Amino acid sequence: MWGGVWEIRHFDEVDSTNTYVREQARLGARAGLVVVADYQTSGRGRLERRWESPRGANLLVSILLRPACDGTRVHLCTGAVALAAADACQEVAGVDAVLKWPNDLLVGEAKLAGVLAEAEFERGSLAAVVVGIGVNVAWPGPPESGGTCLDEVGSAERPVDRHVLLDRLLSALAPRCASLEDPDGRRALAGEVRRRCATLGRTVRVVLPGGEFTGRATTIDDAGHLVVDTGAGTRRVAAGDVVHLRSAPG
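In the working numbering, the protein residues as written are 1 to 250.
The set of hints was computed from the structure by calculation and includes no laboratory data. Treat the numbers as computed from the prediction; the structure is a model and nothing was measured. All residues carry an ideal CB built from backbone N, CA and C; glycine is no exception. You may find that some hints are simply not true.
[Said to hold, decoys possible] For each label pair, taking beta carbons as the anchor points, the in silico distance ranges come out as:
#1 R123 <-> G201: 38 to 44 Å
#2 E192 <-> V5: 19 to 25 Å
#3 P175 <-> A119: 21 to 27 Å
#4 A178 <-> W139: 29 to 35 Å
#5 R158 <-> E122: 43 to 49 Å
Could you put the whole structure together from the sequences, leaning on the hints where they help?
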């Protein structure tokens, strides 16, 4: 349950903020634990990909949620944090970022942030969701990543302060955490994700462990899953890599 209070722990260095928060969740830490680090020695993205960032360059943070919903709605936790981060980037740096399903923030076609949500279960029920996000503040990532950062594309006259960005992110996240607690709130949150997701209307390639398929992303359902029209039928995607192939019309 969301208690409305953040507990922020700052570290100069950790192996992974998500790993640390997952360990704390198993020890009984309350919802609202926030762990931010200047540097990660073993930062992780989706599918165990390595996430690298120079010391002190970007915002690296993980948040413990204990939403009153089942494990099929973990994508809504990802969406809640991504939306809050997008709001914070707009407020602090004047940057309009959009969501890319399942876990990125984009400026144009360039990646600004990535989200990693990991669920913890107890006796078959969802006990916690740890949501980590890395926002490129001063470093856009290696050249091959096609990334960007707030200091490159923002309108701020001075470099973005990571601590101010985190404060704005948490302020924007609090009401969305409350939305996760009841069905009407979750439906409203899913609707906000739909409105701000650049994947919808695009031709996409969906890469799954057992293969891939191409189609048009038509909507995101109330559980946060992507719905794709393949031409031969409709497929709901709960997990997978999505590549944007064609812009939405208009």
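Status of the hints after comparison with the structure:
Against the hinted window of 38 to 44 Å, the Cβ-Cβ separation of R123 and G201 comes to about 41 Å, which satisfies the hint. Judged by the Cβ atoms, the range 19 to 25 Å given for E192 and V5 holds: they are separated by roughly 24 Å. For P175 and A119, the Cβ-Cβ distance of about 22 Å falls inside the hinted range of 21 to 27 Å, so the restraint holds. At about 33 Å, the CB distance of A178 to W139 agrees with the hint of 29 to 35 Å.
Range check, R158 to E122: Cβ separation about 46 Å, and the 43 to 49 Å hint holds.
Comparing the model with each numbered hint stated earlier shows that all of them hold.
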